[in-house]
Structures are given as C-alpha cells and as structure tokens.
Amino acid sequence: MAYNLLKGKKGIIFGALNEQSIAWKVAQRCHEEGAEIVLTNSPLALRMGELNKLAEECNAPVIPADVTSNEDVTNLITKSMEHFGGGVDFILHSIGMSVNVRKGIHYTENNYEFTHKGLDISALSFHRVLQTAMKLDAINEWGSVVALTYIAAQRVFPDYNDMADNKAYLESIARNFGYQYGVKKHVRVNTVSQSPTRTTAGSGVKGFDGFINYAEKMSPLGNADADQCADYCVSLFSDLTKMVTMQNLFHDGGFSFTGVTAAVIEQMEK
Numbered sequence: 001m002a003y004n005l006l007k008g009k010k011g012i013i014f015g016a017l018n019e020q021s022i023a024w025k026v027a028q029r030c031h032e033e034g035a036e037i038v039l040t041n042s043p044l045a046l047r048m049g050e051l052n053k054l055a056e057e058c059n060a061p062v063i064p065a066d067v068t069s070n071e072d073v074t075n076l077i078t079k080s081m082e083h084f085g086g087g088v089d090f091i092l093h094s095i096g097m098s099v100n101v102r103k104g105i106h107y108t109e110n111n112y113e114f115t116h117k118g119l120d121i122s123a124l125s126f127h128r129v130l131q132t133a134m135k136l137d138a139i140n141e142w143g144s145v146v147a148l149t150y151i152a153a154q155r156v157f158p159d160y161n162d163m164a165d166n167k168a169y170l171e172s173i174a175r176n177f178g179y180q181y182g183v184k185k186h187v188r189v190n191t192v193s194q195s196p197t198r199t200t201a202g203s204g205v206k207g208f209d210g211f212i213n214y215a216e217k218m219s220p221l222g223n224a225d226a227d228q229c230a231d232y233c234v235s236l237f238s239d240l241t242k243m244v245t246m247q248n249l250f251h252d253g254g255f256s257f258t259g260v261t262a263a264v265i266e267q268m269e270k
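Counting in UniProt numbering, the sequence shown tops out at residue 270, every number present.
Some hints here could point you the wrong way.
[As the list claims (entries may be wrong)] In silico EDC-like pairs for lysine to aspartate or glutamate, Cα to Cα no more than 16 Å straight-line: (1) K103 x D137; (2) K79 x D66; (3) K184 x D137; (4) K53 x E19; (5) K135 x E71; (6) K117 x E50; (7) K103 x E113; (8) K217 x E266; (9) K7 x D239; (10) K117 x D66; (11) K185 x D231; (12) K185 x E113; (13) K7 x D231; (14) K184 x D231; (15) K185 x D165; (16) K79 x E36; (17) K7 x E50; (18) K217 x E269; (19) K135 x E36; (20) K79 x D137.
[What the hints assert, rightly or not] Simulated restraints on C-beta separations: (21) T108 x Q131: 44 to 54 Å; (22) H83 x T108: 15 to 25 Å; (23) I265 x R47: 23 to 33 Å; (24) E141 x N4: 17 to 27 Å; (25) G210 x T258: 24 to 34 Å; (26) N4 x K184: 24 to 34 Å.
Think of the hints as simulated: they come from the structure by calculation, not from any bench. Bear in mind that the values here come from a model prediction, so they are computed numbers and not experimental data. Every residue, glycine too, gets a C-beta built ideally from N, C-alpha and C.
Could you build all of it, start to finish, from the sequences and the hints given here?
Encoded structure:
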C-alpha cells in the first residue's frame, strides 16, 4: 500500500544490482510513494546486473559512477541535478565490498591493498558523496541521507572480516557529517543496521546460511527482510522523520538488544 509519503521528492539510489538488492527494493518503494529517482552503480556492476529493468519500471535514468572517483561522483550529482532541474531530497548509500572476504582471506591475514580498496568503496565513498553534495549544494533543505550498515560494526562476527571495520567507519562518517550538514542545511544523515539479508553481497560471507537462521532465532520479531527495510528507508526519507539525524538505527527484529532467546537455548540443548 502506498501513502504518497515521497510525493514531489527526488532522490539518488546507489547500489541496486538485482532484485535481491535492498537498494532495488528501496527504489521500487520510493517510486511507489511518488518520488522521482536516479539510479547509479559502478560500470562493472551495471554490466553484471539488471539495472535497466529497474530503471524502466521506475522511469528512472541510470548514471554510472565509480564511487572511488571524485570525478565520477561529481558527474553523477551534477547530471542528477540537471535531470531534476534542481537539488535532491534524499540519497541512499547501499554500497559495500571486501576483496578479503571474496578471496576467503582470514581477518588476521588481511591483504592491506585489498583492505584499502574495500574501505574506499564501502566507507570513504559515503564521505565522498556527502562532501560532493555539500560543495554542489545538491541536497535540499531538510533532505535525508541513509547508508546501510550492519551490527558487526559494534560486535564481533568473525567471518564478516574487514567489512566490520568498514561499517564502523561508515557509521562514524554519518555522525560527523550529520552534524556538519545539519548545522549547514538541516540535512539529516543516518545509518540503518539491517538484519542479515539474502543479497548478493551478504551471501558471500562464510557461514551466511547458518548465521541467518541463528539471527532468526535470536530476534523476537524474526529477521527483517529487504522489503521491510525499504519501508523503513522510505520513512526516513519522508517528512515524518525530520528530527532524526546522526543515528545508527537498528532494523533487525530486536536482535541487537536480545541476550538470548528460548529458541536458541532449545537449539543448544538438542
């Protein structure tokens, strides 16, 4: 059901790859709620993914951008403003990648060239987007920026590897840039810490199937799925959350504040 929560709003969605992507679901929900959007991903991801299908569904242009490139990010935001005839009201940062994870390298043996690449893509890119947007005055007053994160930024999940470090830095950028952008233009910046979700990126983590089952048993409400995350992001883009900023918002069915559940104890006693 749509409520026209984003009627008249314009936004940029980073990171949609295929129908499993949270960003894909967010784009669909934003469109349903009346927003106009621009879709973007890296040139490589565009070749691998199915973004043109989503673009047609949402009547949205696709502007490629390598988020590690200042020039690409500037081009993306400039062309988005030209397309919309002005600034944007929201941005979704749904970008994360670890070469160490992809190659099965243990955290204690991380290849630092891979670490630098993953940090640049997963976290520094968020600062780059916000910095570029501020310089170009690209986000309208009371706009909203959301980045997707994970609780491994606060707790140890061994096989999440250096992505945990990336997410910790991402959340710090949200707080620090959130202050600066809030003072300057009432733009709010938050991160959403989502339940483990069956996306292309998430499924690459070792032992993911076992962990998603564990998280389901540990969450009083169960795991939040991608569609529910999209609903939450829409609420953060809407005018209903104007005073929420610099927060890491857990969207995980209660997992983050649960010590143990009867279901987990029962499983352990089998």
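List of violated hint numbers, smallest to largest:
Violated hints: 1, 6, 11, 12, 14, 15, 17, 19, 21, 22, 23, 25; rest satisfied.
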